[in-house]
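Visitor: Please dock the two separately framed chains into a single complex, following the hints provided.
The lines below spell out each chain.
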Amino acid sequence: MRIEHIRNFSIIAHIDHGKSTLADRLLEFTGTLTEREKVDQFLDKMDIERERGITIKAQTVRMRYRAKDGKEYVLNLIDTPGHVDFSYEVSRSLCACEGAVLVVDASQGVEAQTLANVYMALEQNLEIVTVLNKIDLPNAEPDRVKREIEEVIGLETKDIIEASAKKGTGIEEILERIVRKVPPPAGEPEAPPKALIVDSWFDNYQGVVILARVFEGTLRPAQKIILMSTGNVFEIQKVGVFCPHPKEVDALGPGEVGFVIANIKDLMETKVGDTITDAKHRAAVPLPGFKVVRPMVFAGFYPVVSDEYGQLRTAIEKLRLNDASFTAEPETSVALGFGFRCGFLGLLHMEIIQERLEREYGVELITTAPTVGYRAVKMDGTVEVVDSPARLPEPLDLDHIEEPVILATLHLPSEHLGAVLKLCEERRGVQRQMKFASSNRVVLEYEMPLNEIVLDFYDLLKTASRGYASMDYEFLEFRRANLVKLDILLNGEKVDALSLIVHRDNAYPKGRDVTERLRKLIPRQMFEVVIQAAIGSKIIARESIRAIRKNVIAKCYGGDITRKRKLLEKQKEGKKRMKQVGTVEIPQEAFLSILKVKE
Amino acid sequence: MRGIYVHIPFCVKKCAYCDFYSVAGDKTALEDFRGLLVREMDLFAGKFPFDAAVPADTVFFVAPDAEVTTEANPGTVGAEDFRTLRAGGFTRVSIGVQSFHAQTLRTLGRIHGVEEVRAAHRDARRAGFSSIGIDLIFGIPGQEPSDWAADLDISVTFLPAHISAYALAPEPGTPIHRAIGRGELSMPPDDSVAEMYEKTRKVLASAGYRHYEISNFARPGAECRHNIKYWRREGYLGLGPSAHGLFFPQGKAPFGMRTANPPSLSGYRRGIEEGCLPWENVHICNREDAWKESLIAGLRMREGIDLAEIEKKNGPPPEDVRRAVQTLLSSGKLQEKGSRILLPVHLLFVSNEALQALV
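Chains R and P, in that order, give the protein sequences. The first sequence lines up with residues 1 to 599 when you count with my numbering. The second sequence lines up with residues 1001 to 1359 when you count with my numbering.
Isolated chain P, as found in the complex (with noise of 0.2 Å):
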C-alpha cells in the first residue's frame, strides 16, 4: 500500500523559517494547479497501473480506511472549509501552532494568535475530525524553557490525537537564519534546547502520549501512518512542486526509486505540459542506499528496526554498514531489544552522532 503526499503551494504568508516551496496564489493559480495536479497523477497511473481495478471517477484506488490528513493553519481556515475538508474524505487535521507564546509567534513570523488556535481546533472538532494532531515548534530564539512548558501545558488542554515537537532548525535562505546571521537574533543554547526536549517527553508522556519518533507523540493507534511509511521506507508517491516520492516500480527497482519534483511551479507546469511526469530528479537505489535509508530513518523510530525484516526485503547488509552497526552496539549507541534494535532513549536527541556512522 503506497502513501500519497500533496505539495500545494499557496500561501497567506511565509513564516520566518520555512523553507518548503510556496508562493502567494490566487483563485486562478489555485484552479490552474488543480488541473496540473490531476493531469500529474493522470500522468502517474499511465505510467505505472495499478494491479487492481480502480473504481470509476478516480485514478488512484484509496483504502476505505485510508488517513488522509490536511495541514491547517489557524486563522486561514474556518468552519465552513473544514465542513468541506471532511465531507471530501479528509480524516486527520494537523494544525500548524507552533507556539501559544505571542512574542515567540511574532519571531517566528506568524500570522495567528491563540484565539485562532482555539478556533480552528473548535472548529475541525466541529466538523466531525476526531483526530485531530497540533505541530509545536520549540528552540526558538528569545524562547526560555518555561515558555516552551507552557506552550506543553496548553498544548494537553486540547486533548489532541497526536503532537508534532520539531526543534526549530533555521534553514540557509530563510529569514530567522539571516536574522541570525546579522546578529538580530540568537539561537537558545543546545542545553536549553536539549532541556525542552526533556520537558516535552516528560509532559507529554504523563499526559498519555506515545513518544514513537524523535520528534512526533500519539495517543496509541493514533500515530501518523503516513509518517510512519518515511521512517519504515515504504512507498509514498509525492506529488505536486518540490514534492518528494518513494516507490518500487515492479521489476524496475527492487531496492526502491526515489523521485523529486522540481521546486517551483513554473519547473512543475513545464513538465506536466510536455506531458511527462514532471520529475527533476531520480535516483535508482542500489542495496546500500536501502541499507542506509532504513537504518536512518528507522532508527528515528522509538520501535527501532528489526535487521532481519530488512534483510529479507534488501538481501544481506554491505561489509561497511554490519560493521558499523556492530561498533554502534559495542559502544552502547544502539542497543538490542528482543529481535529489533534502537538508540537508547537518552541518546535520541544526539542521534546524529550514531546515525552518521550509518551513511
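Bound-form chain R, shown alone (with noise of 0.2 Å):
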C-alpha cells in the first residue's frame, strides 16, 4: 500500500446527527459490506450502543475506493466515541486522523458536542470536511445552520456538501472529498516505530486486541515490542485491518490503522493513548498526549440481595476484562454489607455498566448516590481521595476538601437563556463567558463543581431549555470548598450508604429535601420510621413515617386459602426490591434518590 493513497479520517457529529447511518453508507458505497450484511449502525456492535443510539468503543473500517481521478485509495474510518464522559478517547481517534467529516443536522444545527470535537480536530490539525446532513427534512434550514456553522465554528461554508445519509445523497461527493482534501499520512517505514492505542478490549480466544494507528515504521509478527508509558514488553503474534470483519495482514506500516495482537492478557496494560515501539529498535520519544484516565464519578453497588455478592463479584471481573476505564474495589457498607466501590468516567459510563451487570450478568442491584472523587486535605497535610461520603476522615483530622471543578460550555437557542443562567447559579456555577453565536443561539461558559453536574444536570438543562441546550465539558482543576458531609438516619441509626458531600450553604435544604425525598419513598412500615438529616452530631432536618395502620386479608373468600396464600406472595415478592437496613425496610431506588433534586 502506498501510503500516498491512504487516507484517515473519523466523522464527528453530535447525538443523533446521523454518523452512524452515514458510516453505513459509506461502508455500502464502497461495497465494502455485501448486501447480507447490512444491519443499522453496523459500527455499533453493543446491544446498549444500538439501543441507545451511541458508540461507546472506537472502531475502524477499511474501505477501498478507486476515486474519479481513477486511482484506488484505501480510506481509513476511525469512528469515535460520542459522549461528553468519553472525551479523552475522542480525542485519541481524532489523534490517529489527518481528516474529519464534520456532520451537522440540518434543522437542529450546531451543538455543543458539536463544537467540543471540532474544536479538538482543529487542535489535531486536521482538514475538516463539512457535511450538511438530513437535508431531505421538511424542517431543514441549510441557509440558517451554513450561517451558524460559519459563525459559530468559524469553518468556510461555500463547497459544504449537502447530504441525506438515509436516504443516501451525497455520498459519492463526501468521498470524493475526502479523497482530495484529507491530506494522505506521513511516515518513514524503516524508522522505529511508534503506533498511537486508540482503543483495546479483550478477546476470549486472542486475549487483548489493540487498535492502533501506525506513524513511524513497521509492526509485523514475530516482532517484540514495548509499550512505552509501563515498558513491559511483548511479542506481537498477529496484525492486521478491518474490512469490516479482522483480516490478517503481514505487516503495519505507516499511515495504517489495524489491529495488533500480541498475546496480551490484562487490558490495564493497554492504556487507551499510549505508544507502541519496537523493543530493540526503540522511539525516543513516545507520542504526544498520554494521559491517564481516572475515573470522575464514583458509586458504590451492591446486590440486593446479599448471597448474590460473588455473582456481582464475577460480573465485574468479566465487564473488568473489556472496560479498564471502570475501576472497582470492594468495599463494606454497614447498611448494605459486601459490595465494591466502582469508578466511571462519568454518568453515561456508569448507566451503561450498571445495565450491562443487570442485563448480561443478571445481578440485581442497588446503586448508591454517585459522588465525584474529593481530595481531603488533613491536618497533617496529606492529601487523601476520597470516594465515598463514608471515607472522608474524621472532622477533627480534616483541614479542608478540595472538589474537582470542571469548564462546562452550553449551547443554547437566547429564548432560554434566563433559565438555564438560573439553572446555572444554582448549581454553584460562574460565569467565564458568555458570546452570541448568532443572532438567536448562546454559547456560555461555566466554571462548575462536577459534583454539580454529576447526577441530573443535564435533565435540567433539557428541561429548562425544553431540549434544545447541549453542554460539553473538561475537566479544570480541583478547588477548595467549603464542603461537609450529611448524613441521614433511620431511627437514630446512620445509613452510610446514604451519606452525602454537600456544600455547606445547601446542607440545609438539601437535608430537608432529602429526608422529604425519603418520606416519600420509603413505605410505611410496623413502627414509626424517624428519618433525619445530620451535620456532625448536629440534627438539621426530620420527618417521620407512621407506622402502617392497614395490611390485611379481611375476608374468608369461602375457603379459599390459595387466595390468600397467593396475595401475601405476591406482598412478599414485593419487599423483595427492599433492602433491610438495621429494622426499617428501603426501596433500591432510595440510594439513587437521594441526589435528585426537587421536582
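Keep in mind that the hints were calculated from the coordinates and are not lab data. Treat the hints loosely; a few may be bogus.
[Unchecked claim] With a straight-line Cα cutoff of 27 Å, these simulated BS3-like cross-link-like pairs (lysine-lysine) come out: (1) R:550 x R:575; (2) R:575 x P:1014; (3) R:566 x P:1202; (4) P:1337 x P:1202; (5) P:1014 x R:555; (6) R:566 x P:1252; (7) R:576 x P:1333; (8) R:550 x P:1229; (9) R:555 x P:1229; (10) R:550 x P:1202.
[Said to hold, decoys possible] Not the full set, but computed from the structure, chain R residues with beta-carbon under 10 Å of chain P: (11) 167; (12) 168; (13) 171; (14) 526; (15) 538; (16) 542; (17) 544; (18) 547; (19) 559; (20) 560; (21) 562; (22) 564; (23) 565; (24) 567; (25) 569; (26) 571.
Where is the CB? At the ideal position from N, CA and C, for every residue including glycine.
Guide: Encoded structure:
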C-alpha cells in the first residue's frame, strides 16, 4: 500500500445527527459491506450502543474506493465514541486521523458537542470536510445552519456538502472530498516504530486486541514491542485490518490503522493514548498527548440479595476485562453489606455498566448516589483521595476538602437563556463567558463543581431549554470548597450508604429535601420511622413516617386459602426489592434518588 | 368430621363489591341446579365412600348436632322462607346486613334498607333460629368513622349471636373497583379504616362478643364452626360452581388436597354431565403447603396455633418456615402464650406484614 493513497478520517457529529447512518452508507457505497451484512448502525456492535444510538468503543473500518481520478484509495474510517464522558477517547481517535467529516443536522444546527469535537479536531490540525445532513427533512434550514457553522465554528461553508445519509444522497461527493482534501499520512517505514493505541478490548480467544494507528516504522508478527508508558515487552502474534471483518496482514506500515495482537492478558496494560514501539529499535520519545484516564464519578454497587455478592464479583471482573476505565474495589457498608465502590468516566458510563451488569449478568443491583472524587487535605498536610462520603476523614483530622471543578460549554437558543442561567447559578456555577453565536444562539462557559452536574444537571438543562440546550465539559482543577458531610439517620442509626458530601450553603435545604424525599419513598412500616439529616452530631432536618395501620386480608373468600396465600406471596415479592437496613426496609431506588433535585 | 360448603350461584341483584360467582336465575334454572348438585354429591360419595353407613335417602351422614348455616339477604327472604329453612334442618342464619346507613348501602349496591333488616331478623327469630349472625362491612367509600360507629351500635341492639365485620377490599372486576378506578369513589384513608377496626373491637367487646378471628366476633360458644374449619385447616367439601374444598382422602394425600370447581354454571354442568367431579383445579398439597397454610390461616384466630399439633399432623416444618417463625417471634411480630403462638392484638389489622414471611 502506497502511503499517498491512504486517507485516515473520522466522523464528528452530535448525537442523533446521523453519524452512524452516514458510516453505514459509506460502507455500502464502497462495497465494503455485502447486502447480507447490512444492519443498521453496523459499527455499533454492542446492544446498548444500538439501543441508545451511541458509540461507546472506537471502531475502524478499511474501505477501498476507486476515486474519479482513477486511482484506488484506502480509506480508514475511525469511528469515535460520541459522548462527553469519553472525550479523551475521542481525542485519541482524532489523533489517529488526518481529516474529519463534520456532520451537522440541517435542522438542529450546531450543538455543544459538535463544537467541542471540532475544536479538538482543529487542535490536531485535521482537515475538515463539512456535511450538512438530513437535508431532505421538511424542517431543514440549510441557510441558517450554514450561517451558524460560519459564525459559531468559523468554518468556510461555500463548498459544504449537502447530504441525506438516510436517503443516500451526497455520499459519493463526501468520498471524493475526503480523497482530495484530507492529506495522506506521512512516515518512514524503516524508522523506529511509533504506533498510537486508539482503543483496546478483550477477546476470549486472543486476549487483548489493540486498535492502533502506525505513525512511524512498521509492525509485523514476531516483532518484540514495548508499550512505552509501562515499559512492558510483548511479542506480536498477529497484525491485521478491519474491512470490516478482521483480516490478517503481513505488516502495518506508517499511516495504516489496524489491530495488533501480542499475547497480552490484561487490558490494564494497553492504555488508550500509549505508544507502541520496537523493543530493540526503540523510538526516543512517545507520541504526545498520553494521559492516564481516571474515573471522575464513583458509586457503590451492592447486590440486592446479599447472597449474590459472589455473582456480582464475577460479573464485575468480567466487565473489567473489557473496560479498563471502569474501576472497582471491594467495599463494605454497614447498611448494605458487601459490595464494590466503582469508578466511572461519567454518569453515562456508570449507567452503561449498571445496565450491562443487570442485563448481561443478571445481577440485581442497589446503586448508591454517585459522587465525584474529592481530595481531603488533612491537618498533617497529607492528602487523601475520597471517593465515598463514608470514607471522609474525621472532622478533627480534616483541614479542608477540595472538589473537582469543570469548565462547561453550553449551547442554547437565546430564548432559554434566563432559565439556563438560573440553573447554572443554582449549581454554584461561575460564568466565564457568554457570547451570541448568532442572533438567536448563545454560547455559555461556566466553571462549575463537578458534583453539581453529575447526577441530574443534564436532564434539568434539557428541561430548562425544552431539549434545545447541549453541553460539553472538561476537567479544570481541584479547588478548595466549603463542603460538609451530610449524614442520614433512620430511627437514630446512621445509614452510611445514604451519606452525601454537600456544600455547606446547601446543607440545610439538601437535608430537608432528602428527608422529605425519603419520607415519600419509604413505605409505611410496622413502627414509626424517623428520618433525620445531620451534620456531625447536629440534626438539621427531620421527617417521620407513621406506622402502617392497615394491611390485612379481611375476607374469608369461601375457604379459598390459595387466594390468600397468593396475595401474601405477591406482597412478599414486592418486599424483595427492598433492602433491610437495621429494622427499616428501604426501596432500592431510595439510594439513588437522594441526589435528585426537587421535582 | 368434614364440613360442607355449597355455593348456590343465584342472586336477585349483584352487589357492587361482590366478586363471588352468581347469575340471575329463574325457577327452572334453580330446579336444574338442584339436580346437578345432587349428582355432584353422588359422584363424590361414590368416589370417596364413607366408612360409616349412611342412612337411607341421604348421601352424606350429617351429625345430629351439626351447624347448618344459610346466608340470607334482607329483602329476599320472608317469614315463610325462614320457617321452611328451619324445618328443613338449618340451624343458623347469617344475615347480610353490611350497613344500616342508607348512603353506604347505596354505594354498596344493596337493595335493602334498615327496615328489611329488622324484618329479616325478626322473621328468622320467630321461625326458631336461635343462632343468628349478621355480616357487616366497613371502610366503604364515603363512610365516616362516626357512620360506622352508628352501624355497630344498631347491630348490637339486635343481640345477634355472631357478628362478622369485614374491611372492604375492592376486587378487580367489580363495579366498585371500577368506580374507584374512574375516580368516582375513593376509599377512606387507611388510618380511618384502622380506626373503624379499633372501634369495632371496642364496641363489640363491651357488648359481650369475643373476638375470635380477624374479622369475626361471637358470643361464647356461638363461633361459626364451619369457618373455624378453614382456619384450622380441617377438611370441607366445596359443592356448586366456584366452590373450593380441602379434604384428606385416605392414603392418597396425607397433606390434603385442594379442589376448585369452575366458576361458571356451564363449566360445572359440563363436568357433572360427563360423570366426573367438576373439579377445575386439584392441588395435592405437600408438607410445605400444609405448614404454610396452617400458619397463615391459623394465625388469623385469636387462639393462635400450636406448633406441636401442626407437627403431629404434618411432620417437622420446612427449615425456612421454622426460621421465619423464629424471626417473627424474636422481632415481636408473633408472641408466645403457653404452648401456642399468636399474633399480638395490635398487629391484627396489619397481619399481612407478619404473615408474608410465612409464604
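Visitor: Does each hint fit the structure? Answer for all of them.
Guide: Going through the hints against the structure:
no.: 1; hint: R:550 x R:575; result: 16 Å, holds
no.: 2; hint: R:575 x P:1014; result: 36 Å, violated
no.: 3; hint: R:566 x P:1202; result: 31 Å, violated
no.: 4; hint: P:1337 x P:1202; result: 22 Å, holds
no.: 5; hint: P:1014 x R:555; result: 18 Å, holds
no.: 6; hint: R:566 x P:1252; result: 25 Å, holds
no.: 7; hint: R:576 x P:1333; result: 19 Å, holds
no.: 8; hint: R:550 x P:1229; result: 26 Å, holds
no.: 9; hint: R:555 x P:1229; result: 15 Å, holds
no.: 10; hint: R:550 x P:1202; result: 17 Å, holds
no.: 11; hint: 167; result: 47 Å, violated
no.: 12; hint: 168; result: 50 Å, violated
no.: 13; hint: 171; result: 54 Å, violated
no.: 14; hint: 526; result: 5 Å, holds
no.: 15; hint: 538; result: 32 Å, violated
no.: 16; hint: 542; result: 21 Å, violated
no.: 17; hint: 544; result: 14 Å, violated
no.: 18; hint: 547; result: 8 Å, holds
no.: 19; hint: 559; result: 5 Å, holds
no.: 20; hint: 560; result: 4 Å, holds
no.: 21; hint: 562; result: 6 Å, holds
no.: 22; hint: 564; result: 6 Å, holds
no.: 23; hint: 565; result: 5 Å, holds
no.: 24; hint: 567; result: 8 Å, holds
no.: 25; hint: 569; result: 5 Å, holds
no.: 26; hint: 571; result: 5 Å, holds
Checked against the numbered hints given earlier, the structure breaks hints 2, 3, 11, 12, 13, 15, 16 and 17 and satisfies all the rest.
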